[in-house]
Amino acid sequence: MKAAVFIAGDHLITPLGLGSAANFGRILAGDVAIQPIEDTDLSDHRIHAARIDENVWLDNIHHPQRYTRLEQLIILALQAMIDAYRIPVDHSTLVVLSTTKGNITLLHRSQTAIPAERVFLPVMADALQHYFGFENRFITLSNACISGSLAISVARQLLQHNDKYQQAIVIGGDEISRFIVSGFDAFQALADEPCRPFDRDRKGLNLGEAIAAVYLSKTPTIGAINIMGIGSYNDANHISGPSRTGEGLYRSIREAMRQAGDPALDFISAHGTATAYNDEMEAIALQRCGLTAVPVHSLKGYYGHTLGASGLLETVLGIQSLKHDQLIPSMGYAQQGTNHALNIITPENQGTERNTTLGTFLKTASGFGGCNIATVFQKI
Amino acid sequence: MDKHRHSIQSYCLIRDRTITVNGQRYLDVEPTAALLDFLKTAYRQLDIDYPKFHKMDGLSKAIFIAVELIARESGPYNDDTALVFSNYSSSYLADSRHAMDIFNGTHPMASPATFVYTLPNIAMGEISIRHQLHSENVFFIFDSYLPEFLVPYGTAMLDDGKTSGILSGWTEVTDTRCDVFLYHIGKTGGMPHTIEHLKRLYQG
Amino acid sequence: MSELTQELKAKIITQLNLEDLTVDDLDDNTPLFGDGLGLDSIDALELIVMLDKGYGIKLADPKEGRKVFETIQTMADYIEANRK
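Residue numbers (my numbering), protein chains in the order written: chain A, 10 to 389; chain B, -14 to 189; chain C, 46 to 129.
This is chain A alone, in the form it adopts within the complex (with noise of 0.2 Å):
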């Protein structure tokens, strides 16, 4: 039997506030924080996305202007992080990176004081490396839409096989550029509206910005969340269009819940980007999975995508909404929008009242290359 591994503190700093508490209370109260931009820098015309306000964090980094703007934003959240629950610098810690560009606005706009280099993940990690003085190299991976998800799933991997280390922080985050908003655009991704995930009349998807991370440990803290089961499966269908059968989804779901013992669920917290194809595959992949019944939220309709900080996101605020025993509901939901019924999580059916308990729930996540993630979580 392997060790478990426990989620025991996390940290946000997105453009509703910073922190996972005042996150939550903030999407609680039904603020958003999508809205309309228009910024030539990222298109020629008027978008609508989630994006952080720099003036509100701007502040205690040693030497900002060696740092890119995504690197201050994750230097910040990791000082937040090894503060927050001392974390010591040294060889007992590993920190995992997700991200799906990193660094990418170096690609067409250099700055003075950063090397060109830094547009390479390698040379980003080293440097956020070297800030902290961490003792171990920063463990970066991409890939796509799943990153931040999926970086849990390797630090876990990584704990329990590896005695050298006692824990893990695990933090995701990408930045809105031109780079990313003309291929969503290109892909008719993108909503002229705050997206409305599962909803009939959906158009499209919004993106976001967040930091988002959490704090492994292979002790069970009081209040930590324990990482039942994870499962991760590739559709083998399409590098860009969901499986009309859902089948890595399906898989990756089943899987998880193989390994957490087929838990009752208290709640989904799906991918749901707001697609159309994206949200029907969801869809069809909880039908097959029995799962239809669960309460389950999107919560892209307050944060857009935020790529690969998305399934760090979400998770840290499903873990907060375990902690308060309060669903969050799905915003953007009016009517049902799939051919399979799924339970949206409304303000009016049960978003609003302190539910009695809550104990688990199942965290979902699918990208581009076909490839799915399913992590269930539970409270200790």
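Just so you know, the hints here were simulated from the structure itself, not pulled from any lab data.
It cannot be assumed that every hint is accurate.
Claimed, not checked - Partial chain A-side listing against chain C, Cβ under 7 Å, derived: (1) Q197; (2) S249; (3) G250.
Glycine residues also receive a C-beta, built at the ideal position from the N, C-alpha and C atoms.
The hints should help you fit chains B and C onto chain A, whose structure is shown.
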């Protein structure tokens, strides 16, 4: 150290403009040949009908060829064969093409067919489709080929029963550099899945 | 008109990397998707970019694409009717 429970079943090395499979020369072209021409020659030599190959970016093409050649030695792959790849430049080839599309020229506009390859794990999607692998994929971004990390990582996956086999290795492909070293790890086969042995094979 | 269809064929072959085909292999009325040429969803998006970049035509509604991109001929007809 280095007791091994798992074996390298076969491996492929694409370095500069040369391809070897299990140490045997498969293709060798002019060192000055353009990357994409070289990869096209390799594809033609495979003698397969897979038109989608031509739509792939350079990273996916190189990986596709290596995985195809390994399959001829120790395939067909089990459906659960996991993919654990790593490189330095992530999807830099596609990234710079996409940047050209959107920042240069008289009519800058993104191409969806280019943009989709601006994620390194797309290559793993391509070979999952080709070989029908429903499996776990992870793409690490490292400074250099790191058997010190990949060997224990792969061993742990196999020991945990996550998979019966793994395709793993280093897949660095840029305009100037092609350094792809992929190998098939499983229960049988003569070569030990150890850090030392892989270091030796990687040197070519 | 046939000049435009020839031009489209050449563009499609290059843009969509249909390496093994030549202009002569393509018939004006062969379905581009499904059992015909077997193009996929990314190709469809690429055709939308081609209309925009090459002919200044913006296809606002992707659903419209299904009819426009049925064959080379339907594409040519659409371009003739809409180009500026």
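Going through the hints against the structure:
1. Q197: holds, 5 Å
2. S249: Holds: closest Cβ of chain C sits about 6 Å from S249/A, inside 7 Å.
3. G250: holds, 5 Å
This entry satisfies every hint, going by the numbered hints stated previously.
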